[in-house]
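Single-letter residue listing:
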Amino acid sequence: MTTPSLDVLLDAAPDAGADQLAHHEVVPAVDPEAVPAGEVLPDALADSLDDDLYAHQARALDALRRGEDVTVATSTSSGKTWIYALYFALLKERNPDARALFCYPTKALSADQERAVNDLFADLGVDASAETYDGDTKADRKPVIRANRDVVVSNFSGLNQYLGSHAKWRDCFRNVELVVVDEAHAYTGVHGMHVAWVLRRLRRVLAHYGSRPQFVCASATIGNPAEHAEALTGRETTVVDEDGSPRGRRDLAFWLPERDGDGASEGASVPATRRRAGAEAASVAAHLGQRGVQTLGFLRSRQGTEIAAKRAREDASGRLRARPYHAGLSKRKRRAVENTLKSGELDAVFSTSALELGIDVGSVDATVLAGYPGTRQSFWQRIGRAGRGTSDALSVFVPRSDAIDQYVRDNPGYLLEDDVEDAVIDVSNNPVYARHVLCAADELPLEEADVEWFGPRERLERAVSVWRDAGKLVGDLERGAQYDGPPRPQSTVSMYATTDVQFDVRCPNGDVDMRPIQRERAYRDYHPGALVLYDGDQYEVTDLVEDHPRPYVEVERVSTDEYTTTAHHKTVTDVEASASRDLGGGYAIRKGTGTVEIEYTRYRRHSLGDGGVEGPYPIDLPPVSLRTQLMWIELPADMEARVAERVGEDGLVAPDDGGMAPAAWTFAGGLHGAEHGMIKLAPLELRLDNSDMGGLSTPHHAETGAPTWFVHDAVEGGVGFSHAIYEHVADVAGRTRERVADCDCADPTGCPSCLMSAQCGNDNEPLHKAATTAILDGVLARIE
Amino acid sequence: MERSVVLAVYPDAALDRLTDRQLGESLDYVDPDVVLVERPYRRTRFPGGVATVALGGRDVGPVTDPPGPQVAVVRSPDDLAALREHERRGSLDADAETFVLSDLLSVDVDLVALETSLDGRKAYERALSAADLEGSYTHLTTAAAPGYRNDWGGLVVQGVRPGADETGASPGAAVAALSLHADGTVAADTYDPGRFGLEGLAGVGPTRAATLRHAGYASKSDVASASVDDLRTLDGIGAATARRVRYAARARVDGRVYRTSSARLPGNDPVFVDVETDGLSPTMLWLIGVYDTRTDAYRSFLATDPDDRGAAVRAFASWYAENATDRPIVAYNGERFDFPHLTEHVDRYCPAHADAWRDAWTFDLLWWARTEDNAVLPGVTNALDDVASALGWAGDDTGLSGAVVGQRFRRWLADPRDGTELDWERHEAYCEDDVRALAYVYDAVRDAEHVAGVAAGGGPTDTEPAETAQGTLGDFS
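These protein sequence lines map, in sequence, to chains A and B. Be aware that the first sequence starts at 8, since it is given in my numbering, and climbs by one per residue. Be aware that the second sequence starts at 346, since it is given in my numbering, and climbs by one per residue.
These are calculated hints, taken from the structure and not from any lab test. Where is the CB? At the ideal position from N, CA and C, for every residue including glycine. Hints should not be assumed to be uniformly reliable.
Unchecked claim - Partial chain B-side listing against chain A, Cβ under 8 Å, derived:
hint: 1; residue: Asp424
hint: 2; residue: Leu456
hint: 3; residue: Gly624
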């Protein structure tokens, strides 16, 4: 068997090799840091363990035994499950009635961990069992699990509902001593906010039954583990993040796809089509697999995995055992792939993010990533799937053409920095808060003491009065505020949205398994006539129906070589700053709230084949208005002149219709480019979904009175993203500047890899690379 | 006797859905004193004898006669001044609540700013204070849904129109029936149009109703007289549905219960209970009525002191422990309401009795009949008072609902004084009536005929039944 190393890879393309290998890094092996189990655990338990504990496991157990909450932020397969399973075993020994709740973000993971935990208890000889309780659990099992199971395995969408009938859970809730939030880093943004509130409602109901459990958050490495866990649980936590588990040597190669000859996609405003990196990944995996290097490939879509598996088998002339893996496959098929991968009967598996999270498939020899997965944490998690025990491993990163991938390709140091993205959770969103307070009122009448969970007092009082005046609550905090609305308010909470107007996505000629979408996104991406991609398939939106008890959009499965771009008109008004940094000289950076009104006006259809454009076609929808969080940067009044000077007369660009002077047009392009750039590249610093954001740039804003660009959250009430950019503005602006300056596209107006954005409402005009660089330089110089 | 006036609201969307027969049946059931429609031309749908008011119409002033409570319509804040004149003349009874109906007030909920405001409030309140009215007024608005109620600093606002809710929580194609009481409390119920006509039969939706009509079965009586075999020949109606539908029609037309399975009721001298609370998520169970068939005695456990919220529960639990641990405790809709609340309050206020209560043999008659599919009940709805009256129970028919009683009790709790104190004796009498109605329905079920093809399961049991017949605090999630 060949050792997985770079040589095997270079062997594949001896001619193209040098051209395709953009970078090579060796991550050295690491020895384990072990602690004898007896130092941390009582003898009975320690003796039943075969090996020593890793240092981080020991530290975590120590902290837990001292009664603290713990957040373990170490890499995947570092044995986090052991920590909380062992601790529960300890609790159970002390108190035979002890119960626990273990929560996971996906059903697949719940099933996997239920098995793992039960195996562990069996190995330890502990008389305890775990069982999953969620939407799939059979009705007759449910009372049994509630009454008897020591560990209830579930998820937060389920818990949100179960809290509404907590009386049935009395026996369990009276005895809960431990709550585990695994893969905690997955809870950010809108979903993270909901989880944070469900956890507070859970703690409140548990306290009602006399339980005040300890919390364990198990997370991948993120930049702010303490802050994130505390925002999630509402409690202080002890962070354990120095990984004591061993690792073999790893070769990391940045491998560029073969040149394709077809230059159409460079320089045109095309959303990433994703095929070429995937095709290259398939070939690489085929090559490695045939040489006995078992490989796991990661792709972005389900369809991508199917195509890659097929292509890999073709590349190897049928002499390769390769399979796709994704959440759309039946449980049986997925289990089959997991098992045959583990047993070595498969040479290659191509997966979506489904195999990134902790499901146990053993380890492979090599991993190939088609495209950067969006965060460093995710990147290392996937890489980490390669490497059996302490043996060597090979990982190959094949970048796509989009801005972030190109940034990473140009700056390999970015991946190897110790710094990891911060996870963003912002519990200051009022609509989400108010909805959970209403659910809490249904669970138990709201009283003064509830300030503990929903404070500060002023905020809770306002929530009580907004609902009382809306007829949904009666009473007040002093005497108790009771819920008085339609039954089960918990079912109106959508764990992925901030408002309650949700559009279902329906497809008459096929099956589209999409979550409902919020109105802002429906209007923007799913207006009638829009072409959308979902999970590798293309759909055309045929109808958007809002005047209906259950609003919906209707889509039809199509297969064209076209895509649509949408134009909109946006205003930002009633801006209120809650914090500012005055940098002097007319430069300022601020954050706060504002009203964003967006009217989607028309759309065009573009052909990928011949570059033809049809339209514009009108969009007949009313404007969307949201009150949300934003940040903005103000520039000095004479910035236009300064930029013109920096760029030079030859560098100025005039608009096609001559409607604006070249200096003004160029300056506007600089502002617009800065706005796009920061939104596109913010994910390099922060765990956020930039499709939940938008921006506006203007050479003169009526309220700020200055040249300004705004970055705002695209959901009602805000979600913490733009405010997080404010906090990290130097880093985000810095990275944007680097990407723009480094981009080797020829056009002064930029390309999709630097300034162009698929979400631009102005047809990506005006944009200007040099002007953007000049503006960002001006701001960065002042920040330093 | 409770005085109340019934306002029925028929939005356009509901009228579009209702056939004439369904409309007639809904009017018989609701028996309104006045009907509100959205536009004047809609009034023509209603038979001559029914008093109607249109939103876009011209009537102003009282639309029902004294003595109160009464409904008065205003079109602009200025019309409020005219009400003073009506008070003076006696066309408005200033001793009972008057319900002023308009579209002048609407509710705007701003969750981002955490503020709810009442649009139109300023102008309305200004006109109201200038009018210097003597009586007590509740303000009905068509810009809010029937479940809406709030006291805006003395201005009590109640919604009336289904669908007038931005979130879509209130379906627009529904009929609302509001019982407006002399003391200002309001009971609001909404009914889906499918509740009436052939669609009101279990198993019949709009499609099957059309099928039946086309086949010549115009009314429930027609369906009741048909044979199961005749019905099965129809498109989309198989043997099981035919039987179900036919017996549902028989039950309605004959005013009887039909047993559709051989499941048995618990025998053993049941104890019937009913519980009054201070709301759907109660802080207090203030009245527990109990009818013990073994002693043929009714008694109630009453708690009126806001500082001793467990008084009734404690007395009940203690009585239960001494007298009834060997008998089934029967409630109507107990699974969802009475039993979970009793358990929680026993736990909280008399934990010494918690274990005994946990082991209680509880039985929910509605659950057994409807959810477990053991019997067809004859009411227009499955509410206890509908079923009992369909079976001939000549009870009090107070028109009070648990919601209204809860409202009154909360008013008392918030501000215990003469003006808010309930007439305890009267409410105990209402509760007794409800409990006896439950016993009456239970007997009717016990004595009911089994449908053809289903054998009776022998006599009532004398010992504790197996788990399946026992309506314990099982899951229904």
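These are the hints, each one checked on the structure:
1. Asp424: violated (25 Å)
2. Leu456: holds (4 Å)
3. Gly624: holds (5 Å)
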